[in-house]
Amino acid sequence: MRVLGVLLLDSFRMLRAKRLFWIVLILSVLIGLVYASIGFDGAGVSVLFGLIAFESELFRMGTEASKELYLLLFTNVIVPYWLGLFSIVLGLISCASIFPEFIQKGSIDLALSKPPARVTLFLGKYLGSLLFVLMQVLPFTLIVYMSLGLRFGDWNMSLFWAVPLVVLSFSFVYAVHVLISVWSGSTILGLFAALLVWGGSVLVEWAEEITYDIAYSIPQIGYELDWKEGGHEEVEPRESSEDFMVPLHGVLDSTRLALPKTRAVGAQMRSLIVVNESGGGLAGKSLLALLFEDPLEEAPAYHAEVERKADQRHGVWKDLGSSLLYELAVAGLALVIFVRRDF
Amino acid sequence: MAEYAVDIAGVEKTYRGGVRALQGISLRVPEGSIFGLLGPNGAGKSTLVKILTTIIRPTRCGGSLLGSPVGHKPTLRKVGYLPEHARFPAYLTGRQVIGYSAGLAGFRVNATEVDGLLELVGMAGGAEKRTIKTYSKGMVQRIGLAQALVNSPRLVILDEPTDGVDPEGRYHMRRILQKLRSDGVTVFVNSHLLGELETLCDSIAILKEGEVVRQGALSDLTSGSLRFEVVFEGGLPDEVASQIRSYGHSVGEGGITIHGGDPSPLQEVLDVLRAAGVVILEVSKSRQSLEELFMESIVEAKGSREGGGRI
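Going line by line, the protein sequences match chains A and B.
To convert, count from 1 in the first sequence and add 1032; that's my numbering.
To convert, count from 1 in the second sequence and add 2; that's my numbering.
Treat each hint with caution, since some may be false.
As the list claims (entries may be wrong) - Taking lysine-lysine pairs in the DSSO-like style, the calculated list, with each CA pair at most 27 Å apart, reads:
#: 1; chain 1: A; residue 1: 1050; chain 2: B; residue 2: 135
#: 2; chain 1: A; residue 1: 1137; chain 2: B; residue 2: 80
#: 3; chain 1: A; residue 1: 1137; chain 2: B; residue 2: 131
#: 4; chain 1: B; residue 1: 131; chain 2: B; residue 2: 287
#: 5; chain 1: A; residue 1: 1050; chain 2: B; residue 2: 131
#: 6; chain 1: A; residue 1: 1137; chain 2: B; residue 2: 75
#: 7; chain 1: B; residue 1: 139; chain 2: A; residue 2: 1137
#: 8; chain 1: A; residue 1: 1137; chain 2: B; residue 2: 135
#: 9; chain 1: B; residue 1: 181; chain 2: B; residue 2: 139
#: 10; chain 1: A; residue 1: 1050; chain 2: B; residue 2: 139
#: 11; chain 1: A; residue 1: 1137; chain 2: A; residue 2: 1050
The hints are simulated quantities; they were obtained by calculation from the structure and are not laboratory data.
Model, not experiment: these values are computed from the prediction.
Next comes chain B alone, as it looks inside the complex (with noise of 0.2 Å):
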């Protein structure tokens, strides 16, 4: 087994017309996480799906999927993909696009294995019975998750899933990725809902303008934000402040941050607190959101750009 599901080196894909949708683009996927990608409108995620996928042919790239360079063929046989926007045929039933996308991968499933699929996605009970044209989106997008699973695939790659599905259904479907995951399947996320994937992702990978800004495991990329927030009732007298400030805290209206996962420092401004008879609300160890270290990637890549250096 390689030890990692996606490992691409200089992808680069210019459309007709010189438009650069990736510009070398490098990332790994180990086997076995969930993985998300991420990026503004036009950051390439699409593109770059698509080439692993076969759909878009790119102009350049390196690198393996599941073992195999990208574009072999036989390969996407152990690769299930929803992409954005699904549109199954509209004269199929839901059980139907299943088979339809077993056949295509060239697989044959009998029923009782189609019926774990549509159980898994919670599609059991007749709705796999009509047409998809008489489905919800929600609904299309849960058939869309099953026909991408039906060829019990080793890598899975999913292209804004949750789009349009209900709030239950989306936190029906993080279970089903997390199942997914606790069985060594690979799951490749691309969408800009980014409170889901952060619930969601091992590692991620930031696009902005066709090349990767940030990449990396969640919890590594946002390690430098720890920091623990003290809030206090009232103000503090100056003095206490200023001492605390001294120490390189940052003190504000109600509260004070230490930066940095280490506690000793917070023992020592606890400590001063108490000394000075000030009432502790409370204590808590945070670190930075997907969403700000989203935005603070994207805003460093634009100022980098207008820089002219790049990263």
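For reference, chain A alone in the conformation it holds in the complex (with noise of 0.2 Å):
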């Protein structure tokens, strides 16, 4: 346990040390300042402190619909794009050199001629890089969960189901870069293999989500897209289509279920951050859905369920395990790469 304290220590140390990481803890900083100082007022909505206002008859002072304005702003937008995008790729560049630089001659010896285990070493190692993204998530969070209870009164916990979930999705793409960088000792192709299997997973998640609205959802409404001309006509409602959809959706399925899952990563972070106890009357409503749209319309019943069973198509826990299946699975070949080597 000391010597687990001692390399997280070490990775603090090493972490404080990059330029990189106190940039991307002020750019941190400043993105949840920025968000902080949105505020409500009777006329509307209000940036930067009262700098900018935009007069709103829905989003002002006092009404639900602000309030899950800002929770869908930050679970929307800031999540998904800023802590869910950039930051793991900027954890990535700052973590990127820590176990190329750990493995090699000279630097490796002191460590492995020590008492701890081979294990141990590469775990102490690992969990240090996480802490990079929890450093920069933590002081995130914290602002907006001080912003939300001081503008609205909602002490909202549930706000924090972002830090771990945001590491969670880092550890996925980090493992892969591990794994290359052990191998083969070099930060770049580590760097550009996380990269690519990262795109590569999401283009999957994206395809497989896209595959089943035209094999199920879609003819679950009632619909038929038509191939040859273009756009659709409304049929009777069936359970699937009966075209190429269906076996290519099955595939994508299969592929999907090995891969790491980021995206529904961020769908479990939208899902698990609420308002209030209730849900909120705005939730499952896309943002542009939020601003373009009257989102006090109901759409159909039967729709909404369509959209339920498409939302609930993967288990969460059968996601989130399968994902950190497939970490275990990187991660552990890595470490037993890292175990088995004459360094």
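Build the complex from these two chains, which are given one at a time in their own frames, with help from the hints.
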């Protein structure tokens, strides 16, 4: 345990010594502050502590919609784009050299010649890398938590789901980097492989989602797509389409199962972070839909049912569990290489 | 306490691809002594050291390190190690490197203990507060030695410890190693600086192509080369030279060599020279230098291999 503490302290010192760590942290705090600067008054919304104001009937002080908009900005914009994308990329770049530097000749010798087992050393470095993302997300989430609490009196602890889930997303991507860099000793190769696998898995997740909609959701709503002419026609609702889309979706779904699911983690984050106990009247709406459509207009009940089925087609535990299994397999392979290698 | 700090037998290492780095190394390092591991580049010195410190896994390894089987991790708590071309985390200060090394070894050190180590290696006085990246090679080696001693080890393994260290630093390091020996610590030095090892080591082993070609106490290994040298003025009369040669001694230009450590034949030669009126300038006792022993061992090993034999 003490050794793990020493390794984590070392990782913290290493991060502290990196300029990028401070840049990302400052950026993170700045974005948090911009978010905190969004305010509501009797006339509408303001940004940068009142510097820029927009009039709005819906989003103004005291309305539930304004609170939900505030939270949706966090869950639908900041979490997926800043925390879920840019923070992970910056985290990857910052942590990219941890393992390659650690296994360099002259450096690894010192650690391996000590009593701790190689497994402990590996885990210490791995967890130390995750510390980077944790230290970026935690202060940011704290700012958002304080903003929401101070503005709306809603001390929403569910916001803190962002911390473990973003770290989890990062770890899925980082595992590939660790595997390749432990195997090759190359920072660049590890980084490239991680981005490639991440990009590939996001693409598969996205393609699976689209093919599901075409194969199941659209037929269930009662539409049929015309592949030749384009457009669609209304037909009797049925369980699934009868073309190649069902088997194609099957292939993509199986492929998706074996890959890390960072988009699914993002979706989980959005479902776990709720405004209040009821989940809010705007839950499930995209931000664009919220801004350009009438958010109070009800969709037909059977549409909502189809959407619910689509949302729940993958169980939370299946998605998280299979992603964790993937990480365990990839990081485990890296560990085996690390343990068996002659340095 | 074990009689030998290192007592290994039949250590073999074959790398992937079939390269046989070690071919059955057996050696013993007595507790409380300074041991030198010598050998040309590629002889397998670093591989052996890395096997002892669990950095490399042996293909086969018998024997013990401080009484425990080689590879027994907890035993490494009692071992200090300075790797060749040590690369400490550049973001750490010298002081932090010592703390980091202690932490990995499972020790907690206080500021006074760290101060003592810094004082010992000549790094006290402010430099230890700067990050490693600002250090010269010699300073890194000094901090490297300090971190190797942080756990008060019973065995210190140093791989090329004086690499990049200035002459004053080398002298200082030698003094430290001698002090460690007097404190009962075993010092295992891997170096190719023969001159340094000669003044330091109690015993040595010479490696060539993964095999031990010589090993033992330095005094024993060179005892056969003991000789007396007599330097005289001018030339020797032919009859005197012939007489001395008949005793089995070598006569050269301005000097006579009497092989062996027994002083009696020397007296005989000196009597002959005095009787002939030869002016004696110098009489000295010498033995083979480590460098000569090393070269002789390497050449013998090469000859033996070419002849198809094994040492």
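Against the structure shown, which of the earlier numbered hints fail to hold, in ascending order?
-> 4
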